[in-house]
Amino acid sequence: MAEAKYISNDKLTAWLDELAGKMRVIAPTRQGDAVVFAPYASGQSVELAQEATAPPKSVVFPASEDLLRYDYRKNPENLGQVDVELLPTISPEPTLVFGSRPCGVRGFLIFDRVYDGATYKDPYYLARREATLFATIACGQAENACFCHSVGSAPGDATGSDLLLTPIADGFVVEAVSDKGAQCLESSLLEAAGGKADEAKAFREKALQEMGEPQDFGPAQQKLLELFDDMGFWEDVSAKCISCGACTYLCPTCYCFNITDENAGLTGRRVRSWDNCMSFQFTLEASGHNPRPTKAHRLKNRVGHKFSYYPNLHDGIIACCGCGRCIKSCPVSVDIREIVTKAMAHQPPAVEEAAK
Amino acid sequence: MSTYAYYPGCSGLGTSQEYESSTRAVCRALGVKLVDIPDWSCCGSTPAHTVDHLLSSALAARNLALAEDLDAAAVITPCPSCLTNLKVAVHRMSDREFRMQVNKLLDKPVDRSTPVKSVLQVLAEDVGPETVAEMLPHKPLAGLKVAPYYGCIMNRPPEVMQFDDHENPMAMDNLMAALGAEVLPFPLKVECCGASYGVARKDIVAKLSGKLLQAAEDLGAHAVVTACPLCQMNLDLRQGQASSAAGHKFQLPVFYYTQLIGLALGVPQSELGLSKLCVNPRLALDAMHAVQAEKREQEAKKEAAKQIHKAKAA
Amino acid sequence: MTILTQLKEQITAQLPKLDMVIGWEQGYDALHATPLFMRAAEDVERLQIGPLSVHNTATYLTGLRNKKVGLVVKGCDSRAVVQLQQEGLIDRENVVVFGFPCDGVADLTKVRRLIGDVGRVEEVETTPTELRLRVDGREEQVAMSDVMADKCRRCQYPNALVHDHFAGKPREPHATSDDYTDVQEFESQSLETRFEHWKSEMSRCIRCYACRNACPMCVCRDHCIAQSRDPHWVTQDDMVREKWMFQVIHAMHLAGRCVECGECQRACPVDIPILALKRKMNKEIKEVFNYDAGVDPQAIPPLLSFQVEEENINERGW
Amino acid sequence: MKIGVFVCHCGSNIGGTVDAARVAEASREFPDVVFTSDTMYACSEPGQDGIIQAIKDNQLDGVVVSSCTPRMHEPTFRRTVERAGLNRFMFEMANIREHVSWIGKDKEANTNKAIELTGIAVEKLRRDQPLFAKQFDINKRVLVIGGGVAGIQAALDCADGDREVVLVERESTIGGKMAKLDKTFPTVDCSSCILGPKMVDVAQHPKIQLYAMAEVEEIGGYVGNYEVKIRRKAPYVNWDLCTGCGLCMEKCPSKKSTDRFNEQVGSTTAINIPFPQAIPKKAVIDPKFCIKLTKGKCGICAKICPTKAIVFDQREEIISESVGAIVAATGYDLFDISKYGEYGGGRLPDVITGLQYERLLSASGPTGGHVKRPSDGKEPKTIVFVQCVGSRDKSVDRPYCSGFCCMYTAKQAILTKDHIPDSSSYVFYMDIRSPGKMYDEFTRRAMEEYGTQYVRGRVSMIYPQGDKLMVRGADTLMGTQVEVEADLVVLAAGAEAAVGAPQLAEKLRISYDKYGFFMESHPKLRPVETNTAGVYLAGSCQGPKDIPASVAQGSAAAAKVLALFAKDKLENDPMISLVDMKRCVGCGKCVRVCPFGAIKEIDVRGEPKAEVIETVCQGCGLCTATCPQGAIQLSHFTDNQILAEVNALCQL
Amino acid sequence: MPALAGKELRIVGFLCNWCSYGGADTAGVGRFSQPTDLRIIRVPCSGRINPLFVAKTLLSGADGVLVSGCHPRDCHYAEGNFYARRRLEVFKRFLPTMGIDPDRFEYTWVSASEGQRWQKVVTTFTEQIHKLGPAPRFGFAHEQNPATAAAC
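Protein chains in written order, with my numbering: chain D, 1 to 356; chain C, 1 to 314; chain V, 1 to 318; chain A, 1 to 652; chain W, 1 to 152.
A portion of the hints provided could be inaccurate.
Derived DMTMM-like pairs: lysine to aspartate or glutamate, alpha-carbon spacing no greater than 25 Å straight-line [as the list claims (entries may be wrong)]:
| # | chain 1 | residue 1 | chain 2 | residue 2 |
| --- | --- | --- | --- | --- |
| 1 | C | K108 | V | D179 |
| 2 | A | K468 | C | D165 |
| 3 | W | K131 | A | E108 |
| 4 | D | K201 | V | D136 |
| 5 | A | K394 | C | E159 |
| 6 | A | K394 | W | D74 |
| 7 | A | K514 | W | D74 |
| 8 | V | K199 | W | D101 |
| 9 | A | K600 | V | D230 |
| 10 | D | K206 | V | D230 |
| 11 | W | K120 | A | D57 |
| 12 | C | K211 | A | D467 |
| 13 | V | K68 | D | D230 |
| 14 | V | K286 | W | D103 |
| 15 | V | K67 | A | E601 |
| 16 | W | K120 | A | E108 |
| 17 | D | K74 | A | D57 |
| 18 | A | K609 | V | E93 |
| 19 | A | K514 | V | E309 |
| 20 | W | K131 | A | D106 |
| 21 | A | K600 | V | D222 |
| 22 | V | K199 | D | D33 |
| 23 | V | K283 | C | D111 |
| 24 | A | K2 | D | D261 |
By construction, these hints were calculated from the structure, which means they are not laboratory data.
If you're wondering where the values come from, they're calculated on a predicted model, not measured in any experiment.
Construct the complete structure from the given sequences, taking the supplied hints into account.
Following this line, the structure appears as structure tokens:
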């Protein structure tokens, strides 16, 4: 692995410009009162100080994409005979996501197990995943909603990233995590980090330490299954939920999608778009029946999936990166930590009765 | 009782001082609190309203704007002419465009739309003849036959004035009845008195006012009651002219309704200004007293007869 | 007795007759309140009211139609109750309204603009005029007048318009009229600027529909045409046109019904200023029909009625 | 789906400025289109045969014809495709004649436009569903509301057509306003002599069920199947026992009752039979004046009644009737003359309405046909008639002409001269409106033979002077003011909608104008129909009318009812709205706006949902535009169909 | 299908079947020549026209939208156009805030007999739209594809 480098703040823009010459750079940008990942244009200011409102999920997994386009070709001799011609759609550009936090990147590790699994490989996802590099910035201080250390990550976690940037006085220590990342360090703007690398390490350790004791969500895996039929519990914890999709769409680990066809005349597109398990439509069946008719059913699924069903299938890995966006951006401040904690502590009424 | 922003109008300071002073006195006696609009100015009457709607409305609106600070239930005025100008201004200003134009002319723009009413409307609706009647159980004006005369603009045009029946108003009738007076069904309540033709064409006023006086006299009225300074002037001051035009001498006192209410309530003579009337009010009051005396006499006789009857029976 | 204590007493007294009472409590940190569903007497203790009680409690009503629900309301929340009642979407006898005089709520977006990131607020103290925050160990004081939600600055109904119980004394309205200067200001820009404004703002929309689900008047929810195929008004494409079309649908569906509680904009996780669209709609509704939604339970929403001769609509002659 | 497109040249009508062959050629590229052709005259027999043949040869599921306006030949081609075995709604038309070839000369632009219009027709057809009309039974009974002359006529005609009739009358007798008239214009024949026999027919007709003193309380259902609730007020007399002998009236001590039949000219007894020819001729107690009912004692009538018919504790009752059609014939009421303060109506006893004057003229009236003025019973010598009191006057919100006042005023002037030969009459009028057979001649007679003085101008005021009434007005022909010293003033009060008409209209779900008169379907071509199927109008409830017109409308309404009842089953137009129960949230907005009351709220497992009454829905689609979640869709014009048309035209 | 390049702009009309569609027919029968831009979509009643159809049409790239129904009081269905009038008026007033020129949308009333009036309506409206020129666009769908350019 290449040695650690250092870049001072005043050279950062120049380095980004240099990188943007080689590939598409996506960086956090202030838009109105929100911070979102957007294509970087030379000289533009990037917002690195605070966690972006939305994670960089859509770079690899767009909010909507055409899985395929098709044309109907009519046989002029026999108009009833129609052939379908499929047109390719995937053409990912080499892309660098600059300035994400470790949690934002960790989401893709959760994705990978699904879209790059043993039985199924999603070509659309994989093509973009292959083409995308992550230059991640380590966090110095957790926010009130942060809990990455409780789900197996840390504020300085480099897993999944290609470069790790650690802020120290007046600049960043830049460390390559992957070979692809190392190639990005070949720039005259970067200097050797030297002793600053240790400073960076200390910074990351301090950040983790300040987060305090992690919470153990492990028992939730079993407990949530036990609570599956306790709708009273779920109605209680979902009472204030308004069933919108802010939590799932902003979640770096939520990977569900929907597929719809859009036709116009003799052409059409098959569109894959983000779906949201908090929505009524998510499990709505063609018959009109809906196995998850209420928000209680749906919230149960969301929490259950992240802390129980996914870990069950994937070596106990919790499908949550602890970024806290679902808490911060929830219009009614539903707190998933609180729900899981409550679930783990929950005594079914029957048990309580028996205990008396 | 609420507070009212009071707009006296120019006549009240000149030709109809007795209307002004009796109005204030009666309002005080009935608990209607008047606060004068500070620095009030012309209502935009005759000269302005015929030539420039905007200007006349602005003149009226100036007063309305000043009244806003008083936080009164309504702006009220005794004079129907002032009333018309103030109300017409409010009516026109319900059009936003017009209101903006008016406000442009004013130092202090009109913010709210304070209702404008006549003093008569306040006495008839907010106080009410029932209240007056309760205060006067002995019916002090019993026997006085009055013809209430409203004039042409107190209730008209109805869509602007929004008060009483514009063809057969009853507000003054009811108030007079509350005093105990005998109210005659005066058919020419809202007929024209000749108005300001008194200056240019006296003959017209003499003829029209004469007709009113004749009708009142035919009904056996002791007096005419008015609520308008101009009507009062035409009927009272010009009664001689009307008499010579009709070839018949009218002798009908013409009261302001406030004078009669004041009289009934026992307001001091100095504030009623009865001495300012041209046709001697005694004529009517004496007639009233005669009727009352006669009635007393009859009752005394009846009483005596009863006593005698009782005595006999005993 | 403080208003809060009085309110708690009133709620405690009524609670046995109700399935729940909805109010607010502190959320995951001191700056963020969260709706509180009080079912037992001990829940009432957690009730808080004040500038952080931003959520419109009436939003939950239509989802609880068969329940006996108590509702703690700000003035704007109560307008939603009135409007829902007017449209027959709730049974008034199933709802017990607890009112209190609302001094206005804070707009957390404005707080963020003033003091930067609010992710690490440790403590918040509210006074009638100030928010005092401890963030990252430093003290921040912001005047309420600087962070008060715009809807509160122009609020004409700070006291519940309908209520069964009222704690404290009704307060003076914050404003007596609304001249819609914000709308006028926005429209003083060129058409092109306005068009581009929305194109750019809508581009970051994530189609989470928090705006819709937070709206007390959006009663279609699960059956909203934004997500249906029959009818198929919008596609699921991540395109400005589709996102914007939804905002037009929302605005049109709220025409004459929107009580301007501002929940749509507050709920938006990416801070798109969509209340402007509803403000415009309300301005026109006011001008054409002289109508305010959520004020009179007996009124009929203007777009669900008509007059043979419309006073303020000119017949369009050619 | 397999679609055939047929492009019509319409001779040179289309072919002249549209390249029809190119339209057919381009249509081959539209989705689902498997067959196209251009034809000289698609609507001609060979043209239609060609379409049928193509449907059969190519197993087409739907057809687009690009030709003239669908308002012309849509029914033609619907029948064509039906003959070929398709559902007639699997058909769309593109109007490339009226909307293209006839309005532009640029052949290229026209052809392009024709292709696009054909394109949107194809897109719409691709989303068409076969629709089927519903048949339903019809109840062949009719409800007639109002027993005035129009209602009587309608009831009799329907009954003579062998249909059962339910006749509901608000008063205790039928006859309406006509029964109060002394004579009728222009024949001056006795009103009760011509109306009386008809009233008797009603009473005796075996097919007519009469409910007097009754009002319609509630109407549910739809054409062919209305459910009506009728509230029958209590007369405090058992009408089955009452023989109408009138003994009770003679003995009743309460003689100051309001005499409604005589228009309050004088008063009557608390127990009362309004007039000798009343149908039903039954006594009614006015509870406001009956001493027994107000004070608890008296009961003389009960003692004297030979059949013991008096029932003081009688209660009103609700009767349910099922009918298939309804005729509204609720007539009119008189304008309240006291609204003109300057005329003194209601204040001056000798200022009366025309209808009151009719009672004074009538031999069966309170004065026995001797004209006596109300104030002092003296015979008036000078009578002034004022026309247009409450007609043609915006200031009292009655801008319309009441139509019959000119004529009855002329009649009354004539009758006055007959009654009081030494009298003189004046008529103040605005215009004389006498368009009718023998009408103008009649008014001429009033002027020329009877010496009635007609003064063209309005009266400005009426005031008493001594025992006379001064009538001051303008003579606009002479250009002078006039004053007439009158003994009696008769105001020709205008007609206004009957009290309660708007409320009844709402029960009937028909519209009414701002004055409360019921709206007909079309002012010229459908004068007795309403926009609610099965509800018809007769007489003055639709607008002021004289007797001949009212009777004509009564018969017309009856004809409509009989035509409706001639069918054994009714069939609806299947282009109606349908509710997707899964998506409906039960907000009731559609119920609120539906102009036909065709949507009702139903309960589905505890949830409110909307349901379309298929036989009532007229297919306007207002509900579809109103439903926020698109849960109610108008068949054949669904959101998706219109959106598909938009998409076909506008693709970014 | 794009409008005829250079000559026409994309104008869509929503017409009620009973009055305005008939009025357009009457204009045709009378051979009252009109510009060719307008494409008419037939609906039963102006009350059927959800203003959102207009929104959708404008956002889909139409340069102008015209709605026409029966004159108020003459609605075949008694009340449809009364509702339409309110809804369309409010929508028209809403357009400026969207940044869309309200002149791109007009609604009016034309009876089945008013062929000449229809000619005038179409001519005036088409001229009005040509004066405004093509409406601002969002660009083609694929240009907006988030795969290539997205704010996330």
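Structure versus earlier hints - violations, ascending order: Numbers 10, 11 - these are the hints that the structure violates, sorted from lowest upward.
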